[in-house]
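One letter stands for each residue in the lines below.
Number of protein chains: 2
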Amino acid sequence: MAGRPRVVIVGGGFGGLAAAKALAHAPVDVLLVDRTNHHLFQPLLYQVATAGLAPGDIAAPIRQILRAQKNATVMMAEATGVDAGARELLVQVPERGEVRLAYDFLVLATGVAQSYFGRDDFARFAPGLKTLEHATSVRARILGAFERAETLERPAARRDLLTVVLVGAGPTGVEMAGAIAELARATLAEDFRRVDPKSARVVLVEAGPRVLPTFHESLAAKVHARLERMGVEIRVGRPVEQIDERGVVVDGERIEAGVVLWTAGVKPSPAAAWLGAATDRAGRVSVEPDLSVPGRPEIFVVGDVAAKLQEGAPLPGVAQVAIQGGRYVGRTIARRVAGRPAPPPFRYRDKGNLAVVGRNYAVLERGRLRLSGWLAWLLWATIHIGYLAEFNNKLLVFTQWVWSYFTWQRGSRLILGRH
Amino acid sequence: MAGRPRVVIVGGGFGGLAAAKALAHAPVDVLLVDRTNHHLFQPLLYQVATAGLAPGDIAAPIRQILRAQKNATVMMAEATGVDAGARELLVQVPERGEVRLAYDFLVLATGVAQSYFGRDDFARFAPGLKTLEHATSVRARILGAFERAETLERPAARRDLLTVVLVGAGPTGVEMAGAIAELARATLAEDFRRVDPKSARVVLVEAGPRVLPTFHESLAAKVHARLERMGVEIRVGRPVEQIDERGVVVDGERIEAGVVLWTAGVKPSPAAAWLGAATDRAGRVSVEPDLSVPGRPEIFVVGDVAAKLQEGAPLPGVAQVAIQGGRYVGRTIARRVAGRPAPPPFRYRDKGNLAVVGRNYAVLERGRLRLSGWLAWLLWATIHIGYLAEFNNKLLVFTQWVWSYFTWQRGSRLILGRH
Numbered sequence: 001m002a003g004r005p006r007v008v009i010v011g012g013g014f015g016g017l018a019a020a021k022a023l024a025h026a027p028v029d030v031l032l033v034d035r036t037n038h039h040l041f042q043p044l045l046y047q048v049a050t051a052g053l054a055p056g057d058i059a060a061p062i063r064q065i066l067r068a069q070k071n072a073t074v075m076m077a078e079a080t081g082v083d084a085g086a087r088e089l090l091v092q093v094p095e096r097g098e099v100r101l102a103y104d105f106l107v108l109a110t111g112v113a114q115s116y117f118g119r120d121d122f123a124r125f126a127p128g129l130k131t132l133e134h135a136t137s138v139r140a141r142i143l144g145a146f147e148r149a150e151t152l153e154r155p156a157a158r159r160d161l162l163t164v165v166l167v168g169a170g171p172t173g174v175e176m177a178g179a180i181a182e183l184a185r186a187t188l189a190e191d192f193r194r195v196d197p198k199s200a201r202v203v204l205v206e207a208g209p210r211v212l213p214t215f216h217e218s219l220a221a222k223v224h225a226r227l228e229r230m231g232v233e234i235r236v237g238r239p240v241e242q243i244d245e246r247g248v249v250v251d252g253e254r255i256e257a258g259v260v261l262w263t264a265g266v267k268p269s270p271a272a273a274w275l276g277a278a279t280d281r282a283g284r285v286s287v288e289p290d291l292s293v294p295g296r297p298e299i300f301v302v303g304d305v306a307a308k309l310q311e312g313a314p315l316p317g318v319a320q321v322a323i324q325g326g327r328y329v330g331r332t333i334a335r336r337v338a339g340r341p342a343p344p345p346f347r348y349r350d351k352g353n354l355a356v357v358g359r360n361y362a363v364l365e366r367g368r369l370r371l372s373g374w375l376a377w378l379l380w381a382t383i384h385i386g387y388l389a390e391f392n393n394k395l396l397v398f399t400q401w402v403w404s405y406f407t408w409q410r411g412s413r414l415i416l417g418r419h
Numbered sequence: 001m002a003g004r005p006r007v008v009i010v011g012g013g014f015g016g017l018a019a020a021k022a023l024a025h026a027p028v029d030v031l032l033v034d035r036t037n038h039h040l041f042q043p044l045l046y047q048v049a050t051a052g053l054a055p056g057d058i059a060a061p062i063r064q065i066l067r068a069q070k071n072a073t074v075m076m077a078e079a080t081g082v083d084a085g086a087r088e089l090l091v092q093v094p095e096r097g098e099v100r101l102a103y104d105f106l107v108l109a110t111g112v113a114q115s116y117f118g119r120d121d122f123a124r125f126a127p128g129l130k131t132l133e134h135a136t137s138v139r140a141r142i143l144g145a146f147e148r149a150e151t152l153e154r155p156a157a158r159r160d161l162l163t164v165v166l167v168g169a170g171p172t173g174v175e176m177a178g179a180i181a182e183l184a185r186a187t188l189a190e191d192f193r194r195v196d197p198k199s200a201r202v203v204l205v206e207a208g209p210r211v212l213p214t215f216h217e218s219l220a221a222k223v224h225a226r227l228e229r230m231g232v233e234i235r236v237g238r239p240v241e242q243i244d245e246r247g248v249v250v251d252g253e254r255i256e257a258g259v260v261l262w263t264a265g266v267k268p269s270p271a272a273a274w275l276g277a278a279t280d281r282a283g284r285v286s287v288e289p290d291l292s293v294p295g296r297p298e299i300f301v302v303g304d305v306a307a308k309l310q311e312g313a314p315l316p317g318v319a320q321v322a323i324q325g326g327r328y329v330g331r332t333i334a335r336r337v338a339g340r341p342a343p344p345p346f347r348y349r350d351k352g353n354l355a356v357v358g359r360n361y362a363v364l365e366r367g368r369l370r371l372s373g374w375l376a377w378l379l380w381a382t383i384h385i386g387y388l389a390e391f392n393n394k395l396l397v398f399t400q401w402v403w404s405y406f407t408w409q410r411g412s413r414l415i416l417g418r419h
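Residue numbers (the working numbering), protein chains in the order written: chain P, 1 to 419; chain A, 1 to 419.
Keep in mind that the hints were calculated from the coordinates and are not lab data.
There's no promise every hint is true.
Chain copies aren't distinguished; within one or between two, either way the pair holds.
Straight-line Cα separation of at most 30 Å, DSS-like style, residue types lysine-lysine; simulated pairs [unchecked claim]:
1. 267 / 130
2. 21 / 267
3. 198 / 70
Quick caveat, the model's predicted, so the values are computed rather than measured.
Next up, chain P with everything else stripped away, as it sits in the complex:
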């Protein structure tokens, strides 16, 4: 294998995997580095957090996904820096300390973490939703609040515990609100003797002027109305000022809450710092039209951590941007290795936007097409099962969903870990 160009990819999310797969037939050696052993299907993470799916249903070992791609090697290790001059990626390996991995091409697909806009002290009380550990911890908090409420005598104390505040009304906040409302009103309805789960409060707080800011106004209004019909209290244009053990302060109003979740913002991983590269105001790496780093044509940045403008607007942080970017970069590298001319600049093709609100209701927009209701929900379910297919998880999710749909039950109501 000596002499074959070496492509090192950091991150086994949508972008990194797409890049690796696009190189399947290229005469290169691919090394994919991730700090976890699994690819996570993030669009369904909210279902793990609300006990609908199990962690294993939406995650698959990266090396299992790439097992048949013989030019690809997978390494579970934490990337910590780039020595761009020496063309080496720095990683921490458990038994060996820092190891340098030489590359001819480097693809950074390291994604984003939750951002608390400088209030990192909020993180303790209001976890985000970016990893499986987040999801199982959120699940334990929600189910644990009901369990603790059942042991309390005073109705007021029970009511405080059974208040869930969701900070941020993007797709994740909206999907969480719908799922928690359903969990309380249907799934848990008969399971308690002292607590009435139906009395649980779900409060969705958004600093901006409306829910689903990236969707068309008419769809956002429909989702707003749908959530209110499900009993969700919505506060838009109201910033969160304080979060502590007992609840939140929203625009001067104190809300006692047993569970607070934070999906209000993201910050890019430190790829830009590794490169010493220019960034946009959000900290994402500014890239060339071919997604390479200015002055470093052998380094590419894809997905949420890249700042790429198209028609003057930055590309959104969604799975499709990462998938298409990863695939483009993989093909670009393959062409360069083959001595073929560079491809035209990367162009994102918008496949549309989807958000789901409980069962039987979703909103979908694609170009001028706007759809809401049951048909959009069916499309949502079909598309997600379809994308899961390549990760071997289709059968399990489908079984769970069909079972849940008819029984109103949720199959993964575990409280694990310390309590």
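Let chain P serve as the given structure and place chain A on it in line with the hints.
Showing chain A alone in chain P's frame:
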């Protein structure tokens, strides 16, 4: 509901649940207390530890199991003692501290924990297999050893990491050995580039003279031979003298190992200490023929934590003893409340013993019937699916098993938590 006799049950395992269900139609109020929110189907725990099943597949919320039983209330709390004079159970409740729960009848079904025979310092290096947290931690250790080995250059270091030592060759040790051998030889075979998973060593160590000491000698010999054909190294009659970060010392021989598991012994939970009751040498509560505590006819002890002799031999710590004991106690309480005469003494009816060794092979004995091979394996699978049925988990496990059987894959290969 005032005035109805109050039955408090501690433990939502096989024994506690059976007692609660046997009281479904009795004019009593049942309160079931458990420190977790779920009933755990322990016989399949080794499959979670070896990535075959997900935690949620073999666990169901206790309150979901009892949702339709209107005289039953479930409380998630940690029992800490019994005030037998006042007829009160002491529990720790998160928001309220110590709470006293009055009872007219008390059923203790608190089970056992792993015992290290005085060497509790081993626990850090060699976890047991009694809870879901154990199982996911063992899973992370096994999969993590392969991941770390893939990053190492030296073949000897890789070989040490890829050695799994199982201490204790009862059913759990035997089942783990078979499952890990299969995981390495089949499931992971194609997934690594540097490591050859087939070269992984599985060493089964037993201080006693043979594997499966509770089974007939002829079946134990068959299982021994089967495991050896699968590549498992077996050391019987060899006590473990030392366990540390790097491996074990067995009868003077040092074995470097990346993973060590302990299933060599159990110790009863502290129910005896709560009661100040007499125990057998293992610390289990000595009970009357009706499973009540001597001098305390209103307190019953069932399952692994009870010391009950039958034909001179103590009953084994298996699910069937707990289920039959719990059901007997529930019926006894119902009769007493109804003013009917006491039932005849508890008598365990042996439904047989089963152990499984990888796919297609199990051993079964029931009275004089002894069976080994594929038919026993099919019976094993059928019986386990059947028992899971009442916990709503049948469909998921069945789907997983059929999928795994034909693909040789395992659906739950996640490394979660700190690494």
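Hints, verified against the model:
For a Cα distance limit of 30 Å, the shortest separation of residue 267 from residue 130 inside one copy, 11 Å, qualifies, whereas the shortest one across copies, 40 Å, does not. For the homomeric pair residue 21 and residue 267, the shortest alpha-carbon distance inside one copy (27 Å) is at most 30 Å, but the shortest distance between copies (51 Å) is not. Taking identical chains as interchangeable, the C-alpha atoms of residue 198 and residue 70 lie at most 30 Å apart only when they sit on different chains, with a minimum of 18 Å there against 53 Å within one chain.
Every hint from the earlier list agrees with this structure, and none is contradicted.
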